[in-house]
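> Here are the chains, one letter per residue:
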Amino acid sequence: MRKRILILAVILIIYAIFTLGMKVGIIDDYIKLNILLILLNIILATSLNLISGITGQFSLGHAGFMAIGAYTVAVLITLPKPLPFYLSLLIGGVFAAFAGLIIGLPVLRLRGDYLAIATLGFAEIIRVVIQNIDYLGGASGISDIPQGIDWTGYYVIAILTIIILSNIINSSYGRAMVAVREDEIAAETIGINTTLFKVLAFVIGAFFAGIGGGMYAGYFGFIQPDIFNFFKSIDILVMVVLGGLGSLSGSIIAAIVLTIVSTLLQNVPAVRMVLYSIILIIIMLFRPQGLLGKREIRLSDILSFQRRGV
Amino acid sequence: MSTFVQQLINGITLGSVYALIALGYTMVYGILKFINFAHGDVFMLGAYIGFLAAVYLKLNLVGCLIAAMVFCALCGIIVEKIAYKPLRNSPKISILITAIGVSLFLENFMQLIMGADSRVFPRLIEEKNYHFLHGNIVVNNKQVYLLIITIILMIVLNYIVKNTKIGKAMRAVSQDMDAAKLMGIDIDKTISYTFAIGSSLAGAAGVLVGLYYNTINPLMGVLPGIKAFIAAVFGGIGVIPGALLGGFSLGIIETFVSGYGSSMYKDAVAFAILVLILLFKPAGLLGKSLKEKV
Numbered sequence: 001m002r003k004r005i006l007i008l009a010v011i012l013i014i015y016a017i018f019t020l021g022m023k024v025g026i027i028d029d030y031i032k033l034n035i036l037l038i039l040l041n042i043i044l045a046t047s048l049n050l051i052s053g054i055t056g057q058f059s060l061g062h063a064g065f066m067a068i069g070a071y072t073v074a075v076l077i078t079l080p081k082p083l084p085f086y087l088s089l090l091i092g093g094v095f096a097a098f099a100g101l102i103i104g105l106p107v108l109r110l111r112g113d114y115l116a117i118a119t120l121g122f123a124e125i126i127r128v129v130i131q132n133i134d135y136l137g138g139a140s141g142i143s144d145i146p147q148g149i150d151w152t153g154y155y156v157i158a159i160l161t162i163i164i165l166s167n168i169i170n171s172s173y174g175r176a177m178v179a180v181r182e183d184e185i186a187a188e189t190i191g192i193n194t195t196l197f198k199v200l201a202f203v204i205g206a207f208f209a210g211i212g213g214g215m216y217a218g219y220f221g222f223i224q225p226d227i228f229n230f231f232k233s234i235d236i237l238v239m240v241v242l243g244g245l246g247s248l249s250g251s252i253i254a255a256i257v258l259t260i261v262s263t264l265l266q267n268v269p270a271v272r273m274v275l276y277s278i279i280l281i282i283i284m285l286f287r288p289q290g291l292l293g294k295r296e297i298r299l300s301d302i303l304s305f306q307r308r309g310v
Numbered sequence: 001m002s003t004f005v006q007q008l009i010n011g012i013t014l015g016s017v018y019a020l021i022a023l024g025y026t027m028v029y030g031i032l033k034f035i036n037f038a039h040g041d042v043f044m045l046g047a048y049i050g051f052l053a054a055v056y057l058k059l060n061l062v063g064c065l066i067a068a069m070v071f072c073a074l075c076g077i078i079v080e081k082i083a084y085k086p087l088r089n090s091p092k093i094s095i096l097i098t099a100i101g102v103s104l105f106l107e108n109f110m111q112l113i114m115g116a117d118s119r120v121f122p123r124l125i126e127e128k129n130y131h132f133l134h135g136n137i138v139v140n141n142k143q144v145y146l147l148i149i150t151i152i153l154m155i156v157l158n159y160i161v162k163n164t165k166i167g168k169a170m171r172a173v174s175q176d177m178d179a180a181k182l183m184g185i186d187i188d189k190t191i192s193y194t195f196a197i198g199s200s201l202a203g204a205a206g207v208l209v210g211l212y213y214n215t216i217n218p219l220m221g222v223l224p225g226i227k228a229f230i231a232a233v234f235g236g237i238g239v240i241p242g243a244l245l246g247g248f249s250l251g252i253i254e255t256f257v258s259g260y261g262s263s264m265y266k267d268a269v270a271f272a273i274l275v276l277i278l279l280f281k282p283a284g285l286l287g288k289s290l291k292e293k294v
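Chains as they are written, first to last, in our numbering: chain A, 1 to 310; chain B, 1 to 294.
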């Protein structure tokens, strides 16, 4: 109980510091933008980690689910009678989850490379279809989406995502998912419904990707199909792999580090991607398990460690 | 009717490119059982080498082809030695991610040194149009070249795989790597040859595409790479005739979709084919049992 109160306190203190910084002006709009991007990437990376890291299903289609969420939100809040932003966001997430279900049921019969290619294929189909619907603005996308979310919304949703995902991972469901990752046949023989857990992970991951896409639309006010292309999926994948497949805290750290790195290299996009790819290859060659592997750094551990230290 | 035949001819042209790239995927998959994601970018590399050879060395078409094939073969061997060989016993997911890394590296390194813009591929042959059926069907001599060169390369490949010692070794390794090792086959050497042959075919395809479409750019390998993979899976990955069948079928289907439907949907159709074939006939059209490969 004390631990939980402490964690809550830390979350609130971080929030207070950043909010104060923004009010006072220490954190200017540019830094704020990057903080929001970090929070967005945390949501995307941790949710992909549930699919790829925890359950071991290699998905290259995260950007496709983002697209569904983003476009749903963009349409719903620009209707003649617009829906409230957060309701639209939820609907966007549900739509993405539904897409995850439809795609997941047949596709999860495939394994490894084939699954990666099939999810990549589906994400591309989603993008091409959106691109061909005139109502959704075609290739030029939708602009002038009213802003429905700010720093507070981003922060709260990111924290909620982390809490929900870590609760899932630490529940019996999460352990079943890990069992599926470790050895599917063995998991099946001890009575785990492997299909159920694979689809479940896929649907939950898709839901949060949809939420992430919706948040993007709701803050940046402009979306187009090309934002959600294959390279976006790779971007998210790199975060998950760098942090460690199977480590939520790893994904969070990697999302923070990589977002900062890519912001610093923004003016030289080609160099940024060359570095990205070299990082990816080197990690795979020398530390295939990522920075943290499957270990977690818990806020409660840090806190209790400090108390012991004092 | 004439539109149909015209579409068919265009489809076969496109299909021969897919088939050439698909062969590389299929050969590597047959032996190492993994998708070489970087293969499409080797194809791009081939186009650039052809471009450089034509512009700076003033080579003719055959010279450019040979330059691209040799360079891409070396490149394939180097990539395999640096990125894939250390991971030969690692989980598939690590190898796949490494392959994606190599692919991104090749694309972006090329953007860095050659610029992101498209370049005009030099005209290596004089263009001619042949008209048939009162001018209703037009065949470009570039299409003829493309098809003839593809066929020649395939005959050579067939000879290598069927009649040479290294081809025999490749077939043995693809059947059973451990047993092949016990029989005294040098696995590493065989894998290097496989990468070299597959990459050189992709390099040749790169030059031919540059010749046919006149423009090249650093990201030109992404989509054809994925399409060729789809073609390989369609025909039965690991089966060489399957790559040909898949390549030509996909090229023809795509041309018909853009000819009679919307060209915007041709990519979606290719992916739909992939998903359907994976779901209903995962071994592909010509893939019979898992043991018969290459």
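Worth flagging that the hints you see were computed from the coordinates, not collected in a lab. Backbone N, C-alpha and C fix where the C-beta goes; we use that ideal spot for every residue, glycine too. Treat the hints with caution; some may be incorrect.
[Claimed, not checked] Residues from chain B that face chain A, not an exhaustive set, calculated with beta carbons under 7 Å:
id : residue
1  : Leu52
2  : Tyr56
3  : Ser94
4  : Ile97
5  : Asn108
6  : Gln111
7  : Glu127
8  : Tyr260
9  : Ser263
10 : Leu274
11 : Leu276
12 : Leu279
[Said to hold, decoys possible] Taking lysine-lysine and the DSBU-like style, the derived pairs with C-alpha atoms no more than 30 Å apart in a straight line are:
id : chain 1 : residue 1 : chain 2 : residue 2
13 : B       : Lys33     : A       : Lys232
14 : B       : Lys92     : A       : Lys294
15 : B       : Lys58     : A       : Lys232
[What the hints assert, rightly or not] Partner residues aside, some chain A positions facing chain B, computed with beta carbon under 7 Å:
id : residue
16 : Ile133
17 : Leu136
18 : Ala139
19 : Ser143
20 : Ala270
> For every hint, state whether the structure bears it out.
Okay, the hints, checked on the actual structure:
1. Interface hint status for B:Leu52: violated, as the beta-carbon distance to the closest one in chain A is roughly 19 Å, over 7 Å.
2. For B:Tyr56, the shortest C-beta to C-beta distance to chain A is roughly 22 Å, which exceeds 7 Å, and the interface hint is violated.
3. Restraint check, B:Ser94 versus chain A: the minimum CB separation of about 4 Å is within 7 Å; hint holds.
4. For B:Ile97, the shortest C-beta to C-beta distance to chain A is roughly 5 Å, which falls under 7 Å, so the interface hint holds.
5. Annotation: B:Asn108 was flagged as interfacial toward chain A, and the flag holds, the nearest CB pair being 4 Å apart, inside 7 Å.
6. Hint status for B:Gln111: holds, given a least beta-carbon distance of 5 Å to chain A, under 7 Å.
7. With 7 Å as the threshold, the beta carbon of B:Glu127 stays out of range of chain A, its nearest partner Cβ sitting at about 31 Å, so the hint is violated.
8. The interface hint given for B:Tyr260 is violated, since its Cβ lies 16 Å from the closest Cβ of chain A, which is over the 7 Å cut-off.
9. With a cut of 7 Å, the hint placing B:Ser263 at the interface with chain A is violated, because the nearest CB-to-CB distance is about 10 Å.
10. Here the hint on B:Leu274 is kept, as its CB sits about 5 Å from the closest CB of chain A, short of 7 Å.
11. Taken as an interface hint, B:Leu276 does not check out: its beta carbon lies about 10 Å from the nearest beta carbon of chain A, beyond 7 Å.
12. Hint status for B:Leu279: holds, given a least beta-carbon distance of 5 Å to chain A, under 7 Å.
13. Between B:Lys33 and A:Lys232, the direct Cα distance comes to roughly 27 Å. Compliance with the 30 Å bound is thereby established for this hinted pair.
14. Our distance criterion of 30 Å between C-alpha atoms is met by B:Lys92 and A:Lys294, whose separation comes to about 17 Å.
15. Taking the CA atoms of B:Lys58 and A:Lys232, the gap is near 40 Å; set against the 30 Å cutoff, the hint is violated.
16. With its C-beta approaching chain B no nearer than about 11 Å, A:Ile133 sits outside the 7 Å limit, and its interface hint is violated.
17. Because the beta carbon of A:Leu136 sits about 13 Å from the nearest beta carbon in chain B, more than 7 Å, this interface hint is broken.
18. Contact between A:Ala139 and chain B, as hinted, is not supported at the beta carbon level, the nearest pair being about 9 Å apart and thus beyond 7 Å.
19. For A:Ser143, the interface hint is violated, the least distance from its beta-carbon to any beta-carbon of chain B being 21 Å, above 7 Å.
20. Residue-level restraint check for A:Ala270 holds (minimum Cβ-Cβ distance to chain B is 4 Å; threshold 7 Å).
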